[in-house]
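Engineer: As a plain string of letters, each chain reads:
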Amino acid sequence: MVNFTDDLMVKMHSHAAKVSKARALVFSAVFSAMMAVGGLIAIPFFPVPLTLQTFFAYLSVLYLKKWAFLSQLIYIGLGLIGLPVFGGGASGYSVLIGPAGGFLVGFIAGTLLSGNLLQKTAEMRYATAAAMLLCAAVIFMAGWLWLAYWLQGNFTGALLAGVLPFLPGDAAKMALALIIGKKMRL
Amino acid sequence: MSKMLSGFEFRRGTTIFHKMDPRAKLVYIVLFTALSVIFLNIFVLIAIFFSTIPIVLIARINSKWWQSIWGSKFFIAMIFLFNFVIFVFSPNLNLMSALLTATSMSIRFLALISIFSVFFLTTSPEDLTQSMVQLKVPYDYALTFNMAMRFVPTLSRETQIIMDAQKSRGLEMEKGNLIQRIRNYIPVLIPLIISSFRRAELVADAMESRAFGASKKRVSMFILTLGWIDAAFIIISALGFIGILSLRLFLGIA
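Chains A and H supply the protein sequences, listed in that same order. Numbered by the working numbering, the letters in the first sequence go through residues 1 to 186 in order. Numbered by the working numbering, the letters in the second sequence go through residues 1001 to 1254 in order.
Treat the hints with care, as some may be off.
Dumping the calculated SDA-like pairs for lysine to any residue here, alpha-carbon to alpha-carbon at most 25 Å [claimed, not checked]:
| no. | chain 1 | residue 1 | chain 2 | residue 2 |
| --- | --- | --- | --- | --- |
| 1 | A | Lys66 | A | Leu133 |
| 2 | H | Lys1136 | H | Lys1216 |
| 3 | H | Lys1136 | A | Tyr93 |
| 4 | A | Lys21 | H | Met1207 |
| 5 | A | Lys66 | H | Asp1140 |
Derived by calculation from the structure, the hints in this document are not laboratory data.
Based on the sequences and whatever the hints tell you, model everything.
Structural biologist: Here it is, written out as structure tokens:
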């Protein structure tokens, strides 16, 4: 495994100077496919099962930076047109306007904002961690507000049901994405 | 899971339905998925599900279609249980209506899977991309969409293979506390990420060597045109949509 990563990293650093459009598009496509696969891998855990979706969303920010939003946009598009890629094999626009739809919109908004932030501040210290926190904040904010709208303005209920149970798992996924993302560069 | 996704993979065919313009089929899936979301009546949902069967027979995709239906049995069971449990815990418990709602939710899922699988089994990714371009989606996005669509089944199969391989080496996934459980996934994630990146590198190199994006104005070799078969199919789906929707508007069936 080690040899594979080293080989890959040499290859990637040689491209680090300028990312061609072809490369950005292909990697966005791969990340949206990984999002789809991540939604299907569920780690059983109390109180909520963890999926690897947000992990790949964070990783896409680290890796694709300003192109990260495209991977999320395509991922939502795949689900909209009917591939069973949303959590639990669901698909179609009923998911997007359903109670959990805010999180999906949050994926796009969060990666768009944090990806562009990271693109500008990539050389600064803690930039990756800051971008990831921003991404998580936007995702959960969008998910929370939309869920509260679904529960007729019950903001506390939405917080308890849709945000707090996911926070520990997401903190762990962020840490994992940071560790893995540190080893990669487009 | 990959079983269910393999029921979404395009196979070349020569039937009327394979040759149809993807835009006509898009009209069909938009109208009929809307119907299956609007209605909760069990008989209407069964009717929507059965309305896909003539298409399956015309397009001769029965075995693949059945694979996607049969592959989704686990998800259907989950949806049934989930909806049933929610109703059991609701304040005014009514066992009969709980069973009924859970059943119709499962049939709704089945109908959606059937409609989507008919679409994907008979529509080639190139045609879909071309129709998206002709619907004024920017080419870059349409192309990325096409690539992502092809990557999904491949990656899901690969994930399954990697998980099986690591399990056979003694990896126990469902063990330990939160941190431990997430760490258990590292031996799956690293090979998955590396292998998908290598795949992407290959595709990106191929595109760069063909000077992707060098010319600003693109032309297509084939232009999709709506023929009379497509028009007829759009009209049939529209009539079906209006017919089923009128059940709700005039007879009050929800």
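Engineer: Next step is simple, just say for each hint if it's right about the structure.
Structural biologist: Right, here's what the structure says about each hint:
Using a Cα cut-off of 25 Å, the hinted pair Lys66(A) and Leu133(A) holds, with the two alpha carbons roughly 16 Å apart. Under the criterion of a C-alpha separation no larger than 25 Å, the hint pairing Lys1136(H) with Lys1216(H) is consistent with the structure, at around 16 Å. Our distance criterion of 25 Å between C-alpha atoms is met by Lys1136(H) and Tyr93(A), whose separation comes to about 20 Å. Annotation: proposed proximity of Lys21(A) to Met1207(H) holds, straight-line Cα distance about 10 Å (limit 25 Å).
Distance hint between Lys66(A) and Asp1140(H) is fulfilled; the C-alpha atoms sit about 15 Å from each other, no more than 25 Å.
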